[in-house]
Amino acid sequence: MSCYPTTTTNMRSAAWMALVALSGLCAFTPARAQTADTFKIGIISPMSGPNARYGAFANKGAALAAKEINAAGGVLGKKIELVSGDSQCVPAEGVAATQRMISLEKTAIIIGDVCSSVTLAMQPMVEESKVLLVNAASSNPDITHKAGVGGFKWTFRNYPTDEVRAATVLEYAAKTKGFKKYAVLSVDSDYGRGAIKFTKRYLPKYEGAEILSEDYYKDSETDFRSVLSKIRRSGAQAIILYGQADTTPIIARQMLELGLAGKVALVGNGEFNTKDTIAAAPKVMNGAVEAAAWLPEVPAPRSLKFVDDYQKANGGEMPNNHAYTHYDTLQLIAQAIKSANSLKGEDVRNALAKIRYDSPMGMVTFDDHNQAVLPMVLLEITDGKPAIKGMITTKVDYAVK
Amino acid sequence: MSSFILEQIVNGIITGSVYALVAAGMTMIFGVLRAINFAHGEYYMLGTFAAWWVMSKLMADYGLAIVGGVAIVSLIAVLIGRSVMQRLIGQPFQAGVLATLGLSLILQNVVILAFGGGYKVFSGGWIEPIELGDFGMSQQRVILVVVTLVVFAGLEWMVRSTRLGRSIRAVSQNIECCQVNGIDVEQVVRRTFLIGVAIAALSGILTGPINVSIYGGMGESITLKTFAVIVMGGMGNVRGTLIAGCLLGVVESLVAGFIGLQYRDSVGFVALLLMLMLRPHGLFSSKARF
Numbered sequence: 005m006s007c008y009p010t011t012t013t014n015m016r017s018a019a020w021m022a023l024v025a026l027s028g029l030c031a032f033t034p035a036r037a038q039t040a041d042t043f044k045i046g047i048i049s050p051m052s053g054p055n056a057r058y059g060a061f062a063n064k065g066a067a068l069a070a071k072e073i074n075a076a077g078g079v080l081g082k083k084i085e086l087v088s089g090d091s092q093c094v095p096a097e098g099v100a101a102t103q104r105m106i107s108l109e110k111t112a113i114i115i116g117d118v119c120s121s122v123t124l125a126m127q128p129m130v131e132e133s134k135v136l137l138v139n140a141a142s143s144n145p146d147i148t149h150k151a152g153v154g155g156f157k158w159t160f161r162n163y164p165t166d167e168v169r170a171a172t173v174l175e176y177a178a179k180t181k182g183f184k185k186y187a188v189l190s191v192d193s194d195y196g197r198g199a200i201k202f203t204k205r206y207l208p209k210y211e212g213a214e215i216l217s218e219d220y221y222k223d224s225e226t227d228f229r230s231v232l233s234k235i236r237r238s239g240a241q242a243i244i245l246y247g248q249a250d251t252t253p254i255i256a257r258q259m260l261e262l263g264l265a266g267k268v269a270l271v272g273n274g275e276f277n278t279k280d281t282i283a284a285a286p287k288v289m290n291g292a293v294e295a296a297a298w299l300p301e302v303p304a305p306r307s308l309k310f311v312d313d314y315q316k317a318n319g320g321e322m323p324n325n326h327a328y329t330h331y332d333t334l335q336l337i338a339q340a341i342k343s344a345n346s347l348k349g350e351d352v353r354n355a356l357a358k359i360r361y362d363s364p365m366g367m368v369t370f371d372d373h374n375q376a377v378l379p380m381v382l383l384e385i386t387d388g389k390p391a392i393k394g395m396i397t398t399k400v401d402y403a404v405k
Numbered sequence: 389m390s391s392f393i394l395e396q397i398v399n400g401i402i403t404g405s406v407y408a409l410v411a412a413g414m415t416m417i418f419g420v421l422r423a424i425n426f427a428h429g430e431y432y433m434l435g436t437f438a439a440w441w442v443m444s445k446l447m448a449d450y451g452l453a454i455v456g457g458v459a460i461v462s463l464i465a466v467l468i469g470r471s472v473m474q475r476l477i478g479q480p481f482q483a484g485v486l487a488t489l490g491l492s493l494i495l496q497n498v499v500i501l502a503f504g505g506g507y508k509v510f511s512g513g514w515i516e517p518i519e520l521g522d523f524g525m526s527q528q529r530v531i532l533v534v535v536t537l538v539v540f541a542g543l544e545w546m547v548r549s550t551r552l553g554r555s556i557r558a559v560s561q562n563i564e565c566c567q568v569n570g571i572d573v574e575q576v577v578r579r580t581f582l583i584g585v586a587i588a589a590l591s592g593i594l595t596g597p598i599n600v601s602i603y604g605g606m607g608e609s610i611t612l613k614t615f616a617v618i619v620m621g622g623m624g625n626v627r628g629t630l631i632a633g634c635l636l637g638v639v640e641s642l643v644a645g646f647i648g649l650q651y652r653d654s655v656g657f658v659a660l661l662l663m664l665m666l667r668p669h670g671l672f673s674s675k676a677r678f
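Heads up: the protein sequence lines correspond to chains A and B, in order. Per the working numbering, residue 5 is the first one in the first sequence, and the count goes up by one each step. Per the working numbering, residue 389 is the first one in the second sequence, and the count goes up by one each step.
A couple of the hints might just be wrong.
Listed next, the in silico PhoX-like pairs over lysine-lysine satisfying Cα-Cα at most 25 Å (straight line) [unchecked claim]: (1) Lys309/A x Lys279/A; (2) Lys267/A x Lys184/A; (3) Lys184/A x Lys445/B; (4) Lys279/A x Lys445/B.
Not close to chain A: a few residues of chain B, all C-beta gaps over 12 Å, as computed [stated by the list, open to error]: (5) Met389; (6) Ser391; (7) Gly456; (8) Val538; (9) Leu552; (10) Met665.
According to the in silico footprint, chain A covers these stretches of chain B (three or more CB under 8 Å from chain A) [said to hold, decoys possible]: (11) 425–437; (12) 524–532; (13) 559–567; (14) 599–609; (15) 649–658.
Note that these hints are calculated values from the structure, not bench results. The structure presented is a predicted model; accordingly, all values stated were derived computationally and were not measured. Just so it is clear, CB atoms sit at the ideal spot from N, CA and C, and this is done for glycine as well.
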């Protein structure tokens, strides 16, 4: 008997809670709608988890661009308002954040993600919602192989692909440095594995070049001794490393421990050029070869100005390449909006396909796969500092299979 | 070939000693509380951060940071021991799961809030390599193994010969009897927790210079490995934990060296599954507690 009144109370409180929840939702929706004098652009990036560093740089870079654009009058009379979503570098989280952004913030343009695995998962979703996705930091080749004439009409990428990167790094390692024996140690993700897939495709071009071992690490891995012992004994001359920026110092320091410094070189990508990474094990990092989208030492005047402005805005912190590419991509979008003379996603998309954008690094255009043709830097660490060895234009030959 | 296997075994013992150090505290806490401490990896993380903080903000050297780091984390352990852990005595196991999982989330996120979600660089430590033939390792790792042996010897002595050790053994056998005999169970729980946390913090500080990049979520993966170790060693069995930790480290190293780094983490989970299926009391006698 006694349970009867309890049930009513429960039901009543449940009803109350539902009502409160509903009213909360109603109050929420209008507040989040686009206001008349701002234009929202979304940024999806990893803001927590092992890759949070990338998201922090990406957001700060874009914020600087937004500040500059808004100070110059905004786009078509509206101020740019950035809204951020956290992907945690996990595809499921990234898709959920994108979904929230599209349905709640109603953004017509999204910049995202840093991690290739997340970008690949976002592509079908923005396609369905007809939202323009401009990627500024993922390098897996499939992203644009499947875009433009390859399928996805709403994805653009303003970042070099690993296809070109792998070819360039390998050419420099094999021809200039004369390495023949390689060991692979890359991050276990679409980025790390994708870059190695293309490296292997170009490897037969070089007489006698071979890969002796192949290992992939989880992004929270901290113990590389076993695999580095194996590499040392295999007689490899270079480690092909397409890895996470924060793991490079760990690998470098453990290479130092095992006596690999000066004997085995690192080639690939993973922020080899930052001060902290080089400081972690200077003897190991000397001679490391990297192809990067950008680095603070690029001697172009507008690039140097960006470094200066960024440092002023962020308490002296040195920007990384994700800060730059997100800054640059927002500038690119602003120019596309201006030349489209419209804020509609579709018009901006069409303008982007035809754009000739003069970036701080050089001229940027898009090919029929919506992949930017843009300059990239090849560098080698010499005497504890990155030395620029050349600029590469990232034109992809889609016929090569 | 045989020297390669030997090298991997040494690598494994070094890795395993970290697992064993973290697991020692976890298994002792399980002994007295019958609760799995899901937050244990977080104290390892807190240790690293405390030492990093002492070094980068107070400009102290690494030696001082070891002492300072352990002291800071011990202080946190005293607070958490009083406010959370001692209340778990006599509670159903769900309470322990919820309380420690909650603590784990709180500690991780407090660190991320306070210091940011990005990686920090842990500079310092004794990282110069010692070369033995074609075999190299940093001084830091030698220290780590020596400290592990000293800590385990100390624990063994403490558990066997001191009053606290005897009360820990008594509490882990029968709480009611202890209460009847006038043993302050709450105090025993608090002290056990403090010792366990201090050891975890110490292992975090000692691995800092090797791991270099540190961040708030770094404790999670070590907690997962520790589960496998304490199940293999037998829940509550300190000596078994040392052997199980090293065993897990060695097998992981051999897998990473011969099969591939990508399969390394599966070792712990496979071991956990096999243990739960075949020897749920651990590799050693089911009665061997302390």
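Going down the list of hints, with the structure as the test:
Under the criterion of a C-alpha separation no larger than 25 Å, the hint pairing Lys309/A with Lys279/A is consistent with the structure, at around 19 Å. For the hint linking Lys267/A to Lys184/A, the alpha-carbon distance of about 14 Å falls within 25 Å, and the restraint holds. Note on Lys184/A and Lys445/B: the hinted pairing is violated, with a Cα-Cα distance of about 46 Å set against a maximum of 25 Å. Proximity of Lys279/A to Lys445/B is assessed by CA-CA distance (about 20 Å); at most 25 Å being required, the pair is judged to hold.
The Cβ of Met389/B does not lie farther than 12 Å from every Cβ of chain A; its closest approach is about 9 Å, which violates its non-interface assignment. Interface exclusion of Ser391/B from chain A breaks down, the closest Cβ pair being 9 Å apart, not more than 12 Å. The claim that Gly456/B is not at the interface with chain A holds, since no C-beta of that chain comes within 12 Å of its own (minimum 23 Å). Chain A leaves Val538/B outside its interface by the beta-carbon criterion, the shortest separation being 22 Å against a cut-off of 12 Å.
Here Leu552/B stays apart from chain A, with its beta-carbon at least about 34 Å from theirs, past the 12 Å limit. No Cβ of chain A approaches the Cβ of Met665/B within 12 Å, the least distance being about 25 Å, so the stated non-interface status holds. Counting residues of the segment 425–437 of chain B whose beta-carbon sits less than 8 Å from any beta-carbon of chain A gives 0, not enough to reach three: the coverage restraint is violated. Figure legend: the segment 524–532 of chain B, annotated as covered by chain A; annotation consistent (4 residues with Cβ-Cβ distances under 8 Å, at least 3 required).
As drawn, the segment 559–567 of chain B meets chain A at 0 residues by the rule of a beta-carbon pair under 8 Å; below three, the given contact is violated. Interface restraint, the segment 599–609 of chain B with chain A: holds (8 residues with C-beta to C-beta distance below 8 Å; minimum three). With 4 residues carrying a beta carbon less than 8 Å from a beta carbon of chain A, the segment 649–658 of chain B meets the three-residue requirement, and the given coverage holds.
Hints 3, 5, 6, 11 and 13 from the list above are not met by this structure, while the remaining hints are.
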